[in-house]
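Protein chains: 2
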Amino acid sequence: MAVVQILPLGGVGEIGKNCMAIRQGDDIIVVDVGLSFPNEEMLGVDIVIPDFQYLIENKDLVRGIFLTHAHEDHVGSLPYLLRDVKAPIYASEFTHALIRSKLEEKSNIKELDLRVFKPGDIIEVGSMSVEPVRVTHSIPETTAMAIRTQHGIVLMTADFKFDFTPIDGKLSNIARLGELGKEGVILLLSDSTNVERPGWGPSERSVIPGLRKVFNEAPGRVLLTTFASSIHRMQQVYDVAAETGRKVAVLGRRMEQNVDICSRMGYLKIPRETRVNLDELKLLDPRQIAILSTGSQGEPMSALVQMSKETYGRMQLVAGDTLIYSARPIPGNEAAIWRTVNRLFRMGVNVVYESATPVHVSGHGYQEELKMMINLTRPFYVAPVHGEPRHQHMYCKMAQDMGHPEHRIFTLTDGIPLYLDEKEAYFGEPFPCGRRLVDYGGNVGVADEVLRDRTTLAKDGVITVAVAIDPEQGEMVGDAFVSAKGVNAPDSLLAQLAEVVTDHVASLREHEIKDVDKVRHDVGDVARRFITKRLNLRPIVLPNVIEV
Amino acid sequence: MAVVQILPLGGVGEIGKNCMAIRQGDDIIVVDVGLSFPNEEMLGVDIVIPDFQYLIENKDLVRGIFLTHAHEDHVGSLPYLLRDVKAPIYASEFTHALIRSKLEEKSNIKELDLRVFKPGDIIEVGSMSVEPVRVTHSIPETTAMAIRTQHGIVLMTADFKFDFTPIDGKLSNIARLGELGKEGVILLLSDSTNVERPGWGPSERSVIPGLRKVFNEAPGRVLLTTFASSIHRMQQVYDVAAETGRKVAVLGRRMEQNVDICSRMGYLKIPRETRVNLDELKLLDPRQIAILSTGSQGEPMSALVQMSKETYGRMQLVAGDTLIYSARPIPGNEAAIWRTVNRLFRMGVNVVYESATPVHVSGHGYQEELKMMINLTRPFYVAPVHGEPRHQHMYCKMAQDMGHPEHRIFTLTDGIPLYLDEKEAYFGEPFPCGRRLVDYGGNVGVADEVLRDRTTLAKDGVITVAVAIDPEQGEMVGDAFVSAKGVNAPDSLLAQLAEVVTDHVASLREHEIKDVDKVRHDVGDVARRFITKRLNLRPIVLPNVIEV
Numbered sequence: 001m002a003v004v005q006i007l008p009l010g011g012v013g014e015i016g017k018n019c020m021a022i023r024q025g026d027d028i029i030v031v032d033v034g035l036s037f038p039n040e041e042m043l044g045v046d047i048v049i050p051d052f053q054y055l056i057e058n059k060d061l062v063r064g065i066f067l068t069h070a071h072e073d074h075v076g077s078l079p080y081l082l083r084d085v086k087a088p089i090y091a092s093e094f095t096h097a098l099i100r101s102k103l104e105e106k107s108n109i110k111e112l113d114l115r116v117f118k119p120g121d122i123i124e125v126g127s128m129s130v131e132p133v134r135v136t137h138s139i140p141e142t143t144a145m146a147i148r149t150q151h152g153i154v155l156m157t158a159d160f161k162f163d164f165t166p167i168d169g170k171l172s173n174i175a176r177l178g179e180l181g182k183e184g185v186i187l188l189l190s191d192s193t194n195v196e197r198p199g200w201g202p203s204e205r206s207v208i209p210g211l212r213k214v215f216n217e218a219p220g221r222v223l224l225t226t227f228a229s230s231i232h233r234m235q236q237v238y239d240v241a242a243e244t245g246r247k248v249a250v251l252g253r254r255m256e257q258n259v260d261i262c263s264r265m266g267y268l269k270i271p272r273e274t275r276v277n278l279d280e281l282k283l284l285d286p287r288q289i290a291i292l293s294t295g296s297q298g299e300p301m302s303a304l305v306q307m308s309k310e311t312y313g314r315m316q317l318v319a320g321d322t323l324i325y326s327a328r329p330i331p332g333n334e335a336a337i338w339r340t341v342n343r344l345f346r347m348g349v350n351v352v353y354e355s356a357t358p359v360h361v362s363g364h365g366y367q368e369e370l371k372m373m374i375n376l377t378r379p380f381y382v383a384p385v386h387g388e389p390r391h392q393h394m395y396c397k398m399a400q401d402m403g404h405p406e407h408r409i410f411t412l413t414d415g416i417p418l419y420l421d422e423k424e425a426y427f428g429e430p431f432p433c434g435r436r437l438v439d440y441g442g443n444v445g446v447a448d449e450v451l452r453d454r455t456t457l458a459k460d461g462v463i464t465v466a467v468a469i470d471p472e473q474g475e476m477v478g479d480a481f482v483s484a485k486g487v488n489a490p491d492s493l494l495a496q497l498a499e500v501v502t503d504h505v506a507s508l509r510e511h512e513i514k515d516v517d518k519v520r521h522d523v524g525d526v527a528r529r530f531i532t533k534r535l536n537l538r539p540i541v542l543p544n545v546i547e548v
Numbered sequence: 001m002a003v004v005q006i007l008p009l010g011g012v013g014e015i016g017k018n019c020m021a022i023r024q025g026d027d028i029i030v031v032d033v034g035l036s037f038p039n040e041e042m043l044g045v046d047i048v049i050p051d052f053q054y055l056i057e058n059k060d061l062v063r064g065i066f067l068t069h070a071h072e073d074h075v076g077s078l079p080y081l082l083r084d085v086k087a088p089i090y091a092s093e094f095t096h097a098l099i100r101s102k103l104e105e106k107s108n109i110k111e112l113d114l115r116v117f118k119p120g121d122i123i124e125v126g127s128m129s130v131e132p133v134r135v136t137h138s139i140p141e142t143t144a145m146a147i148r149t150q151h152g153i154v155l156m157t158a159d160f161k162f163d164f165t166p167i168d169g170k171l172s173n174i175a176r177l178g179e180l181g182k183e184g185v186i187l188l189l190s191d192s193t194n195v196e197r198p199g200w201g202p203s204e205r206s207v208i209p210g211l212r213k214v215f216n217e218a219p220g221r222v223l224l225t226t227f228a229s230s231i232h233r234m235q236q237v238y239d240v241a242a243e244t245g246r247k248v249a250v251l252g253r254r255m256e257q258n259v260d261i262c263s264r265m266g267y268l269k270i271p272r273e274t275r276v277n278l279d280e281l282k283l284l285d286p287r288q289i290a291i292l293s294t295g296s297q298g299e300p301m302s303a304l305v306q307m308s309k310e311t312y313g314r315m316q317l318v319a320g321d322t323l324i325y326s327a328r329p330i331p332g333n334e335a336a337i338w339r340t341v342n343r344l345f346r347m348g349v350n351v352v353y354e355s356a357t358p359v360h361v362s363g364h365g366y367q368e369e370l371k372m373m374i375n376l377t378r379p380f381y382v383a384p385v386h387g388e389p390r391h392q393h394m395y396c397k398m399a400q401d402m403g404h405p406e407h408r409i410f411t412l413t414d415g416i417p418l419y420l421d422e423k424e425a426y427f428g429e430p431f432p433c434g435r436r437l438v439d440y441g442g443n444v445g446v447a448d449e450v451l452r453d454r455t456t457l458a459k460d461g462v463i464t465v466a467v468a469i470d471p472e473q474g475e476m477v478g479d480a481f482v483s484a485k486g487v488n489a490p491d492s493l494l495a496q497l498a499e500v501v502t503d504h505v506a507s508l509r510e511h512e513i514k515d516v517d518k519v520r521h522d523v524g525d526v527a528r529r530f531i532t533k534r535l536n537l538r539p540i541v542l543p544n545v546i547e548v
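Quick note, the sequences are listed as chains R and D, same order.
Note that the working numbering has the first sequence beginning at 1, numbered continuously upward.
Note that the working numbering has the second sequence beginning at 1, numbered continuously upward.
Just so you know, the hints here were simulated from the structure itself, not pulled from any lab data.
A portion of the hints provided could be inaccurate.
As the list claims (entries may be wrong) - Which bits of chain D does chain R cover? Going by a derived footprint, with three or more residues having C-beta under 8 Å, they are:
1. 361 to 373
2. 483 to 489
What the hints assert, rightly or not - Capping the alpha-carbon separation at 25 Å, the derived lysine-lysine pairs in PhoX-like fashion look like this:
3. R/Lys110 x R/Lys170
4. R/Lys213 x R/Lys269
5. R/Lys213 x D/Lys397
6. R/Lys102 x D/Lys533
7. D/Lys118 x D/Lys269
8. R/Lys518 x R/Lys533
9. R/Lys533 x D/Lys106
10. D/Lys533 x D/Lys514
11. R/Lys59 x R/Lys182
12. R/Lys397 x R/Lys371
13. D/Lys118 x D/Lys102
14. D/Lys397 x R/Lys106
15. D/Lys118 x D/Lys86
16. D/Lys102 x R/Lys533
17. D/Lys110 x D/Lys86
18. R/Lys59 x R/Lys110
19. D/Lys182 x D/Lys59
20. R/Lys397 x D/Lys213
As the list claims (entries may be wrong) - Chain R regions said to be covered by chain D (calculated; three or more residues, Cβ under 8 Å):
21. 37 to 48
22. 442 to 449
23. 486 to 498
Note that the structure is a prediction, hence the values are computed from the model and not measured.
Every residue gets a Cβ at the ideal spot worked out from N, C-alpha and C, and that includes glycine.
The shape of chain R in the complex, shown without the other chains (with noise of 0.2 Å):
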């Protein structure tokens, strides 16, 4: 029998760019296609997405990509992919409708293979099949994966939490995930994101009285601001809108879209008349306004942000306003966030963004529902995903605490398959793998170097220096010239720069002018030991030597 290779192209130790491949003989089964975020330290990046290489060179092996649901870091790298890769793309109804249009911007919609699944369906693909089982989250329709190999069900759970009241009243089916772990799971694959959280996770429907509190009491009107694809939370606005006498508007173009997309839909059901548009809330009074925005994370362009600037065009804020802050901050973005909530409270807006009844709760289970999938699926081995190190680190603690046994605990590192076959499990070779950053321009691959003198040139500046010679004379032409950018340096210093500069070229004897190389080289010499002197700063320096 073949052996099954569970090969993590993102996504463990690490949360963000989910990307698995299941790979049995010559079929190979990709789970997700997500993207991540930059942090800090990557300057000028949009986007970070996995590098493809393996799929790429095992193209014509690919049988099928499953999308377990529609948040960014499970779909938003699937374009990229698509350039490379042609395969069928398995995902539910509500999963398609939201990733169309970024597909269609970047690819020929045409052209690809959409199939959609219902939770329950039974997928052959090559010598594997993929059966989607339906579980809770803070998004709809969002799938474990039950992947049948010759070794037994790899069970992947997607990002998950046992909500017993979800907002679509949909549960997660616990009976089918009891059934499969009957029937054999050989590996499961969890998502790891709330293992430091103790107890059972809230219901998404217990932050409803939290906004019913707020949309009773706030003086004027209530913004609220939570992730574009909070689908669930959004429909808690429209009724509790509805309920409170609040009609409802949308900022934000990713927001409007998800609602229009939604509603058509019937995942979103608005009540009759608590739809507005901008346009329409100069006509109502304050109290009778809510609006959804976008901004949660701080992100300057969006929203929320240009209004507690005072440079967003379409409205502005005003003291009465009440803002509820119904998200989690993303690393990295607390400080953007903090920012925004303190401009906010300085014009006079009251935001509420931690009280004792919660406006926000968590898509992702806590430890003891996390105890309750191992429970349920009882699997032979079990390995963490969807957590960083940490995560994964608590998790096989956890997992021993239950009394699973410590060899049939894996640790996965992107990169590293974990190979399954009659007797056991265990490390592969590493594959090709890593991230590859997109800049802002969308051009994949932004280089080491690259960063490094972007962080450089941030720190402190860039000048640069032309100086004209003429080898064959061996004499220099003209004066040199300098300018900068982000330098901490006034202009009579730059000028100093430039005559002092003139002066060792011009003093050059011929011959050492000739050798273009030697100019070049003392003229950065020259300028950056004369700015390390007066500045004790050492930006680029940039010698331009131009031969005439």
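Fit chain D to the given chain R structure using the hints.
Same frame as chain R, now just chain D:
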């Protein structure tokens, strides 16, 4: 009677760079002269200090500078103020000791008029007097300042908590605060940092069980990272180490410095033979080793971060080591801290950062402690300081909930004075105030324009295009020379750019080339359009035109 002016130069509506001036007639007192750290938008900025213009313009009126405690956000910008303002510096013996080295670096210490006070001293300064009153905080010898004015006592709490079991046994002088309240506090300027935390904060001593547990159970070396100024925390490490048979080494220049000073002065009582230096560690069993380390904020150059990257020369971490994260992430540092923690987990280091038994507590009082301060001092007016707008907002609500009339609660703003006269308190005209950015070269004053340029440089990099022309003849000399840094473009594209620019300039007519500004404008324009077209990016383009 004179109007008493409360002039916040920094530290209200923000956490950091605390600096308050109190003026009565021709007498000015300054309390605290702190710095704050740059946010991620302040590229190339080392520290942020208050704009001292008001104090410089009135330097002859400054009778004294008082320091409440030795934290950087209260003393860090003193060397910069002292460049222009000479006045006696009043502080506790401990605070003087800790700031001494910094003052020696930046100013001629012999010229300074350093005066030591003890809690309870009454220091006459011009027409006012200042009485330091001991409070508990996360650093020794912290004092509130009772400033007697013609209209009553202006009481600045400084950073405080009411810790009834402080490590050094020096309790807050609650009785004295009560007496001052009876005497008559016209204005209370209160710490508000932890107003969001309900209840009463835990004592510094409450971390002992957490430390003891880890020190006993850790299978190998124990490292603890905290702020270099957390003397109390360090004391507990030495005590628990002695108790559990471990010896303590110190990593990090600043921390070593503070340990020396504090042990010499008796603020740190190091049990005999508990202190070792790094080289002695190799003689010890891992279970006999504890290490104090800086780097709790994920500072790239800190020992901890370098060890996590295995680039630290003096020491390596190994699987089985344990790190106690005994600090609070300063907003903005979270991402860097988590990256460090995750790298450590990957190395097999067990990191204790949240646990049932706490390993860190705050030095700032919680809500009930803030209420107790109001209750004790019974101020006529109250204003929260040392908080962001969100904290000020919540503090004002809290004071109202205590029955304090709203019109006697003030939300201060940096740069806007609060006037106190016989009848009332009211805001005066704004005075010169703001922030000054200090770069890594120690140069004060980084312009906004420079920051904007750095932001662009950081995003897309820089391209320089140099051409030489002969304005007399009106002709181009030689070819265009292109160089780039931080631009995500292949060399071939830059070569093409050089050709495009050369062709363009060569094609200009004689009279056009004679117009140097036009040539410069053209070169920049052509280059920008070329890059935008090919890469959809907008790097900074620097055209250098040399006249030969």
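Check the structure against each numbered hint from earlier and tell me which ones fail, lowest number first.
Violated hints: 1, 3, 10, 11, 14 and 19; rest satisfied.
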